[in-house]
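Undergrad: Sequence:
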Amino acid sequence: MSEQSSAGARTRPSVAVLAGGLSHERDVSIRSGRRVAGVLRDAGLAVHVLDVDSELLPHLRHIRPDVVWPLVHGSTGEDGSLQNLLDLVGVPYVGSEAAACRLASSKPVAKALLRQAGLPTPDHAALPQSVFREVGARTVLSAVEDTLGLPLMVKPAAGGSALGVTEVSSTDQLPEAMVACFAYGDVALLERAVRGVEVAVSVIDVEGEPRALPAVEIVTDGPYDYDARYNPGRSEFFTPARLDEGQTSAVQELAVAVHRTLGLRHVSRTDMILDDDGVAWFLDVNVAPGMTETSLFPQAAIADPRDLADIYVDIVSTAAVRP
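Under the UniProt record's numbering, residue 323 is the last one in the sequence shown; the count climbs by one each step, no gaps.
In short, the hints are calculated from the structure, not lab data. Even glycine gets a Cβ: it sits at the ideal position worked out from N, Cα and C. It is possible that part of the hints are untrue.
[Stated by the list, open to error] So the derived label-pair ranges between C-beta atoms look like this:
#1 G208 with D277: 20 to 26 angstroms
#2 E55 with D172: 45 to 51 angstroms
#3 D277 with A143: 25 to 31 angstroms
#4 D123 with G208: 46 to 52 angstroms
#5 S54 with E236: 38 to 44 angstroms
#6 H59 with A117: 35 to 41 angstroms
#7 P120 with D42: 35 to 41 angstroms
#8 G38 with P151: 39 to 45 angstroms
#9 D42 with R138: 52 to 58 angstroms
#10 E134 with S54: 36 to 42 angstroms
#11 G118 with I302: 30 to 36 angstroms
#12 Q116 with T220: 28 to 34 angstroms
#13 P305 with T139: 50 to 56 angstroms
#14 D146 with E176: 17 to 23 angstroms
Using the sequences plus the hints, can you model the full thing?
TA: Put into structure tokens, the structure is as follows:
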């Protein structure tokens, strides 16, 4: 997949948007890339959309963009691999550097670092598939249930879009949930479920300082799974979230603290649950947030006092300036 814009304003950075790849989230990535490219083109930037394949580096050498915006979701797009490659070829890019991506993309590692920093995150256990084979699935699951209790969230330790995620409210649901989880990775994160309002808060860097965009509240008919995220009708979104001033401060402060603690850059999105006591619990952070028509980052950006295009152009312009 390769697209080139018509002549754009060359006084602004030229951009190569990377979308696609080979992860389970390829289709979402392509939709994200096309949407961002459209906004940037409408703002007058010269934009190319490139897939992550054997032609990527030759295309980059030919195009010589001022900056790359990686919108490859999952695996190599968010675990630092793609960022390391861009560092090797010396191309500035939007988003966190490779080391920070590696920390953030592993849910157990991110949760451990944030808990160490004093930020609330639900109790959990991260267990590889090999442990279930060697010790026995029944014994391991019994220990998990005794310690963490029910309900539980079972999810792959890496990856996004809620793929392989199951909420478990009874013992007999655990084995099937583990099978679904291991279809998307070798390590399972079993996390105590927290009840409350599901909220996503996106963060952008403004003049070197992280700033939270308006919070997005998610109300779903059933679990907020892959279908509910990307097929209109299953979920309802409220932007800004229907929170009072104190609750709004709590969720925005948590998102900015996550961004800072993990050393993230330019853009991130933190998913959380706000419980009845007003405590915001960290669930996950995304270093390459979805940018589709139903994604949460664009909804937050549209609700911001600034124009969506201005936010995207500023993100690109900031990334194009080498530190």
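Undergrad: Now tell me, hint by hint, if it's right for this structure.
TA: Status of the hints after comparison with the structure:
no. : hint                               : result
1   : G208 with D277: 20 to 26 angstroms : violated (34 angstroms)
2   : E55 with D172: 45 to 51 angstroms  : holds (49 angstroms)
3   : D277 with A143: 25 to 31 angstroms : holds (29 angstroms)
4   : D123 with G208: 46 to 52 angstroms : violated (35 angstroms)
5   : S54 with E236: 38 to 44 angstroms  : holds (42 angstroms)
6   : H59 with A117: 35 to 41 angstroms  : holds (40 angstroms)
7   : P120 with D42: 35 to 41 angstroms  : holds (40 angstroms)
8   : G38 with P151: 39 to 45 angstroms  : holds (40 angstroms)
9   : D42 with R138: 52 to 58 angstroms  : holds (57 angstroms)
10  : E134 with S54: 36 to 42 angstroms  : holds (39 angstroms)
11  : G118 with I302: 30 to 36 angstroms : holds (33 angstroms)
12  : Q116 with T220: 28 to 34 angstroms : holds (31 angstroms)
13  : P305 with T139: 50 to 56 angstroms : holds (55 angstroms)
14  : D146 with E176: 17 to 23 angstroms : holds (20 angstroms)
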